[in-house]
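Enquirer: Make the full structure from the sequences, and use the hints.
These protein sequence lines map, in sequence, to chains Z and V.
The working numbering applies: residue 234 is where the first sequence begins, and numbers increase by one.
The working numbering applies: residue 234 is where the second sequence begins, and numbers increase by one.
Hints listed in this document are in silico derivations from the structure and should not be mistaken for laboratory results.
Misleading hints may appear alongside valid ones.
For chains that are exact copies, the list does not tell them apart, and a pair is met inside one copy or across any two.
Unchecked claim - Straight line, CA to CA, 25 angstroms or less: simulated BS3-like cross-link-like pairs of lysine-lysine:
| id | residue 1 | residue 2 |
| --- | --- | --- |
| 1 | K312 | K572 |
| 2 | K372 | K517 |
| 3 | K572 | K517 |
| 4 | K454 | K416 |
| 5 | K572 | K470 |
Bear in mind the structure is a predicted one, so any value in this text is a computation, not a measurement.
Protein chains: 2
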Amino acid sequence: MLTANTVPVAYAFDAFKPLPLTPIIPTDNPQSAPKVDLGKQLFFDPRLSVTGAVSCNTCHNLMAGGDDGRAVSVGAVGKAGTRSAPTLWNVSYETVYFWDGRARSLEAAIREHLLDQTVMAMPDAASLTERFNHIAGYKREFDYVFGGPSGVSLDNTAKALAAYIRTLSTRNSPFDRYLQGDKEAISDTAEKGFQTFITAGCAACHFYVNMAGPVPGLAFKMGEGFYELFPNWLGSKYDEQYHLTDDLGRYYYDKNPQHKHLFRVPTLRNIAVTAPYFHNGSVKTLDEAVRVMARTQFQKNLTDRQVEDIVAFLKTLTGEFPPQLMPQLPPSTGQSVYK
Amino acid sequence: MLTANTVPVAYAFDAFKPLPLTPIIPTDNPQSAPKVDLGKQLFFDPRLSVTGAVSCNTCHNLMAGGDDGRAVSVGAVGKAGTRSAPTLWNVSYETVYFWDGRARSLEAAIREHLLDQTVMAMPDAASLTERFNHIAGYKREFDYVFGGPSGVSLDNTAKALAAYIRTLSTRNSPFDRYLQGDKEAISDTAEKGFQTFITAGCAACHFYVNMAGPVPGLAFKMGEGFYELFPNWLGSKYDEQYHLTDDLGRYYYDKNPQHKHLFRVPTLRNIAVTAPYFHNGSVKTLDEAVRVMARTQFQKNLTDRQVEDIVAFLKTLTGEFPPQLMPQLPPSTGQSVYK
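Expert: Here it is as structure tokens:
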């Protein structure tokens, strides 16, 4: 278990890097155009949820920064989750998934979501397979992409979705252009904020390609997570105000007492357009989120000016969102798939 | 109040016509490209709902025939409606809106939906105006389209949405191509079904451009509705099986006892991809819907072969869905808009 206090690699390579031109693709789920197309249809298809109330895009809205702007989301059967839906843009640069890192691959995270009763709430893999086998257009696509006659499955659904999601990358943020040598790409305030971001300590965790630490294949292998305590320093007024200590984080998953309040370091890319903040979505504004982090992670009280500078810097991490052409969904011809 | 029994116009013009090249636009809400663009963003933006749980597209899914495939939909605060969400494709050819025709324009229907507590559940027009005035990108667009500095309003939100929705038209269905002279565009079975559709009586209501009776400017003015009793003949087994008599239809709206069970005649365009069926979404398959209609409207029991033929014909009413490029939504920069 590596955290910012133990990871030896932070500056063994360039601390900050623009997003690469291509996503990081695992060898056990290679990309192909038909697979990505299938995954894109599935991503926008509410039939992946038991009631048809939600699609992946409901909570991970690609038109709105990749999340839903809510503190916590409400799934297919009206139950709310306990943690805030993160953006899905740039997740190919993550090594583990979920706030507690319990999913060691994007595919594993998706499989869990499909059967989670607060999310898509499908009763089991067989129900999902049966439903999609009855939608002729999907059956044809699954069989083509994965080899018929049994192409439709929970595993393959997750693979197709992951293949599409990995294509989602927001390059050319002002900060990326700044890193590539265009010193005019960010304002003087943002540049000062960048320095404060480093000297205050934020960059100890929020560094490299995704402003979230090591990426797959560089320092970390897929499935190895980069975590930090949150709060790191207990006892500030924020603990109660924002319910920061209610969630025991990774401890729920591995029962290791040292992992109470341990969370995966999240990306800061597009942070300005993905309020509210933190694992419980309790903080509504970016400036307050910066104040809370400084106090809970470093016992520092930033000045208003320092907060303003850092916020100006964080706004430069908003990249370009490539327009998505909405896929037509294969029809459930002449009948409803819902019970 | 005109119904199929009293309308004098059914065959005073071509009974069936392909969708025209352009939608029908009311004079009090002319189209413009910036207005349509704004309406498109709003259509996909869950911030139109009080909790951010749903956008227009959630229940009127343009990627899936224009509806959500559910019997009834669940709105922003988890409450279900009582009537099934209809497709929004081709609604510019309707003269009244909602199953009971209580909205005399598309704009009126949208205004009602925004404040309806089972739909978008915004508390009032002022809350909506305040929210969107705080999203800089939207304020700029509203002011540009409608004239600032007070461009954001409930009325203008409805106007922009209506402008976008009126662009949604599914031309070139096999039946439309058949009507235009391509006799090979539909199968012999479908052609037989078309004849049965007429002789059985379906075409008494389901005729003309939208397979739903008169259109704005032709026989009917905007705000005049074309209604029919459903069930027309009470007492079949279907009344109980599909709860057909529970909903008193237009009577709820105008308290006219003669209007019990009176409903607006719905379009049949894209009917094969918009299951389940009827105002309460109680019938899951198209063939059963055809059987129910024949029995409840004409006291006819169709043979399996007749049903099959009619279903084959109805499938030819599925048009082409023009691909929609997903709009990027103006960000709520650095803060969440939800309470």
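Enquirer: Hint by hint, note whether the structure agrees.
Expert: Here's how the hints hold up against the structure:
For the identical chains of this complex, K312 and K572 are neighbours both inside a copy (18 angstroms) and across copies (18 angstroms), given an alpha-carbon limit of 25 angstroms. Taking the shortest Cα distances, K372 and K517 sit within 25 angstroms of each other only across copies (21 angstroms), while inside one copy they are farther apart (43 angstroms). Taking identical chains as interchangeable, the C-alpha atoms of K572 and K517 lie at most 25 angstroms apart only when they sit on different chains, with a minimum of 9 angstroms there against 38 angstroms within one chain. In this assembly of identical chains, K454 and K416 lie within 25 angstroms of each other by CA distance neither inside one copy nor across copies; the values are 33 angstroms within and 61 angstroms between.
With identical chains, the CA atoms of K572 and K470 are at most 25 angstroms apart between copies only, with a shortest distance of 21 angstroms across copies and 48 angstroms within one.
In summary, the one numbered hint that this structure violates is 4.
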